[in-house]
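Q: Build the full structure now, drawing on both the sequences and the hints.
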Amino acid sequence: MKVSRKTVKLARREKRANPPLMQVLHRRAGESPKKRAAREKAEGLYREYASKGATWAACVQAVKTDWISQFKNKYRES
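489 is the number of the first residue of the sequence shown in this note's numbering; add one for each residue after it.
Don't take each hint at face value.
[Claimed, not checked] Label pairs and their calculated CB-CB ranges: (1) 507 / 557: 31 to 39 Å; (2) 490 / 545: 34 to 42 Å; (3) 558 / 535: 15 to 23 Å; (4) 494 / 557: 47 to 55 Å; (5) 512 / 557: 27 to 35 Å; (6) 545 / 519: 17 to 25 Å; (7) 562 / 500: 32 to 40 Å; (8) 565 / 522: 27 to 35 Å; (9) 564 / 508: 36 to 44 Å.
Hints are computed from structural coordinates only; laboratory data are not their basis. Just so it is clear, CB atoms sit at the ideal spot from N, CA and C, and this is done for glycine as well.
A: Below is the structure:
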């Protein structure tokens, strides 16, 4: 019995939205120390400033471009 395309796409979206724990752990174990440090800094910024309207992408961009002080000033005023 063939599974419909709609069902297959639904299952794929669900798996991408909620990946299994082993997949998440494997992905984190394979990242470089530089990427890990950037992700951890971005997570810290996001935890602190998400309630003030900061997005995850803005936090990552601030870390990668080394504009953390400007980012903090922008969202401190909000």
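Q: Provide an ascending list of the numbers of those earlier hints which the structure does not satisfy.
A: none
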